[in-house]
Amino acid sequence: MYVYNDFDAAFVRNRVAQFRGQVERRINGSLTEDEFKPLRLMNGLYLQLHAYMLRVAVPYGTLNTAQMRQLAFIADKWDKGYGHFTTRQNIQYNWPALRDVPDMLDALADVGMHAIQTSGNTIRNVTADHFAGAAADEIEDPRPIAELLRQWSTDHPEFQFLPRKFKIAVTGAAADRAVTRAHDIGLVTVRNDAGDLGYKVIVGGGLGRTPMVGKVLRDFVAKPDLLAYCEAIVSVYNLLGRRDNKFKARIKITVHENGLEKIQELVEERFAAIRPDFTGHDQTLLAEIESAFTPPAFATKSTDGYEAARLANPAFRSWTDTNLAPHKAPGYAIVSISIKKHGATPGDATSGQMRAMADIAEKYGHGELRISHEQNVILPHVHKSDLPAVYAALRDADLATANIGLASDIIACPGMDYCALATARSIPIAQQIATRFDDLKIEHDIGPLKIKISGCINACGHHHVGHIGILGLDRAGVENYQITLGGDGTETTTIGERAGPGFSADDIIPAIERLVLGYLNLRRDADETFLQAYRRLGAAPFKDILYPREEKANAA
Amino acid sequence: MPRNFTPKVVTANALLEGDAVWLTDDDRWTRDISQAELITDEAHATLRLLEAQSRVAEIAGAYLADAKPGDNGPEPTHFREAFRTRGPSNYAHGKQAGL
Ligand code: SF4
Chain R
1 MYVYNDFDAA
11 FVRNRVAQFR
21 GQVERRINGS
31 LTEDEFKPLR
41 LMNGLYLQLH
51 AYMLRVAVPY
61 GTLNTAQMRQ
71 LAFIADKWDK
81 GYGHFTTRQN
91 IQYNWPALRD
101 VPDMLDALAD
111 VGMHAIQTSG
121 NTIRNVTADH
131 FAGAAADEIE
141 DPRPIAELLR
151 QWSTDHPEFQ
161 FLPRKFKIAV
171 TGAAADRAVT
181 RAHDIGLVTV
191 RNDAGDLGYK
201 VIVGGGLGRT
211 PMVGKVLRDF
221 VAKPDLLAYC
231 EAIVSVYNLL
241 GRRDNKFKAR
251 IKITVHENGL
261 EKIQELVEER
271 FAAIRPDFTG
281 HDQTLLAEIE
291 SAFTPPAFAT
301 KSTDGYEAAR
311 LANPAFRSWT
321 DTNLAPHKAP
331 GYAIVSISIK
341 KHGATPGDAT
351 SGQMRAMADI
361 AEKYGHGELR
371 ISHEQNVILP
381 HVHKSDLPAV
391 YAALRDADLA
401 TANIGLASDI
411 IACPGMDYCA
421 LATARSIPIA
431 QQIATRFDDL
441 KIEHDIGPLK
451 IKISGCINAC
461 GHHHVGHIGI
471 LGLDRAGVEN
481 YQITLGGDGT
491 ETTTIGERAG
501 PGFSADDIIP
511 AIERLVLGYL
521 NLRRDADETF
531 LQAYRRLGAA
541 PFKDILYPRE
551 EKANAA
Chain V
557 MPRNFTPKVV
567 TANALLEGDA
577 VWLTDDDRWT
587 RDISQAELIT
597 DEAHATLRLL
607 EAQSRVAEIA
617 GAYLADAKPG
627 DNGPEPTHFR
637 EAFRTRGPSN
647 YAHGKQAGL
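Chains as they are written, first to last, in this note's numbering: chain R, 1 to 556; chain V, 557 to 655.
Note that these hints are calculated values from the structure, not bench results.
Mixed in with the good hints there might be a few duds.
Computed far set for chain R versus chain V, every beta-carbon distance over 12 Å [said to hold, decoys possible]:
| no. | residue |
| --- | --- |
| 1 | R99 |
| 2 | D277 |
| 3 | D304 |
Cβ pair distances, simulated, as ranges [unchecked claim]:
| no. | chain 1 | residue 1 | chain 2 | residue 2 | range |
| --- | --- | --- | --- | --- | --- |
| 4 | R | Q283 | V | S610 | 51 to 57 Å |
| 5 | R | A222 | V | S610 | 53 to 59 Å |
| 6 | V | S610 | R | K165 | 37 to 43 Å |
| 7 | V | G626 | R | S318 | 39 to 45 Å |
| 8 | V | E614 | R | L239 | 50 to 56 Å |
| 9 | V | S590 | R | T492 | 49 to 55 Å |
| 10 | V | R587 | R | A389 | 44 to 50 Å |
| 11 | V | Y647 | R | A136 | 51 to 57 Å |
| 12 | R | E261 | V | A613 | 36 to 42 Å |
| 13 | V | A613 | R | L324 | 53 to 59 Å |
Backbone N, C-alpha and C define an ideal beta-carbon position, used for all residues, glycine too.
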């Protein structure tokens, strides 16, 4: 993977030193909070309900073992022994003290990490398919281009004060595991008819208050043109995007209000103007970056032991059924480690678990780890013959839950347990739903099901693209949960539809249970997933389950 | 006719630790809402908030939060403010850890 060069290292250290001075001036009172706030946000430091929160970028979700161990060290030394993985491939520390933050940033810099531009109206952490470099269906590893975009966007002088935050995601395969259609710019690696590599460029997707599926700005941008093309997009947005109304400032609204054609015209014009300035330095840099992402030396060995272990151990078999994905190298698998043990906080890993995952990656996974937007950790390259040992080690660390893609593999944002913007809690709802389905022992029968929960309209929990989405609201001083149905965050991205009136915190768990049990009666056969059944039948039968008729009659 | 004024407390986040604090009537910052000054007069509330906001080296983000009188002193009325007196619900961290 990419290792900081001298320039990167000096840049990050310099930022830490600057921030150290800013923190000192804040503490001695020479900076007010109004003056300090934009400075701390530029360095990923938020002030939440109970404490500060430091958001650290995991660029395109990739970590090496030294970095994972350092995240564990930071959690122990300056936090409460754990970290929270987010839907944008970041890790958040919920309890840092202000004085300690510069030291935490220095500790991150020691392993080539930072918290720059994890907040503010800038280009945020560039995310990518968490199976990048490993997936069987991949056209090209999207991480080199993501790294190029990271370097280009970091401290880009033109883009430090955009109308609003700006998120870019890249996927290297047709299957969209990076929710590219819900990003400001989504890049999908494609080949054109001539066989050349390039990107389908999607623009103006986003969730939040006004959810929108991104629109294709151009079907094919050749790889050498991509950086200039992205710069043209952000540059057009920077001038055209609204600054008078925060809720209308994202590029999705700019596209919506001006029309796709107008944006296309302006971007093409800007692209034509700036393309000649991209004289090839970016391509030289990209080639260097690409050489840092060469695949590991895959081993060729027998997988007999794996098959035998599957036959002998039903728990192992169940785990391999849910937590593995096809790898491009023969004999290999991609392992998803569930950070969603039933009843635990989605995305929270203890320092001990972080170290265990680093050890396992080092021993069996070519030293590579990934963070997924679904708040799980990935071992991208594991030979199948090592899977029994990996499984045993994961069990020892309480990390062997076999629920990837199932009802209890819930995305949940921090909600009102931490977040200052929240209108309701999301974590306890996720915990209770997972515990309930575990008690019922039916999630394997239910099959693929994505439940996503956000604690406010900002939709960090991606509820709009959950098959079942849950949005926590404040209704007259009481927590209330609204359900959306039929959302999808893949290459067939769909915004879920609101099912009807919300439920109280006590009623939401039984409502979800009713809904899912009802689906079992509605599906054509065991192979028809919740989403497929919803698409075939429409919302009506699902609404009838959620709002039984006698209740409707009583309410009327 | 003056509007009915809902009683308030002045609250903020402590500058160094970042946790919730409340202003007492003798100008201390307390971590226990029941020790806070319950303000029942709108003009006084505005004044106390301005005073609180000027203490830049101690706190951040001061605001007025609704509260009601309780047996031991002011109590929060909204669930968000109630959470701020305790901590998160997924771990026994924050203020509830000391109870
Ligand atoms: S969705 Fe709302 S509550 Fe949840 S993390 Fe985002 S801003 Fe906070």
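Status of each hint after checking the structure:
Chain V draws R:R99 into its interface by the beta-carbon criterion, the shortest separation being 6 Å against a cut-off of 12 Å. No Cβ of chain V approaches the Cβ of R:D277 within 12 Å, the least distance being about 43 Å, so the stated non-interface status holds. Here R:D304 stays apart from chain V, with its beta-carbon at least about 43 Å from theirs, past the 12 Å limit. Separation of R:Q283 from V:S610 is about 55 Å and conforms to the stated range, judged on CB atoms against 51 to 57 Å.
Checked against the given bound of 53 to 59 Å, the beta carbons of R:A222 and V:S610, roughly 58 Å apart, stay inside it. Checked against the hint of 37 to 43 Å, the pair V:S610 and R:K165 fails, with Cβ atoms roughly 31 Å apart. Under the hint 39 to 45 Å, the C-beta atoms of V:G626 and R:S318, about 51 Å apart, miss the expected range. Between V:E614 and R:L239 the Cβ separation comes to about 42 Å, which falls outside the hinted range of 50 to 56 Å.
For the hinted restraint 49 to 55 Å between V:S590 and R:T492, the CB-CB distance of approximately 54 Å keeps it satisfied. The hinted window of 44 to 50 Å between V:R587 and R:A389 holds, with their beta carbons roughly 48 Å apart. For V:Y647 and R:A136, the hinted distance range of 51 to 57 Å is not satisfied, since their beta carbons lie about 39 Å from each other. Restraint check, R:E261 to V:A613: a C-beta distance of roughly 54 Å breaks the suggested window 36 to 42 Å.
The hinted window of 53 to 59 Å between V:A613 and R:L324 holds, with their beta carbons roughly 54 Å apart.
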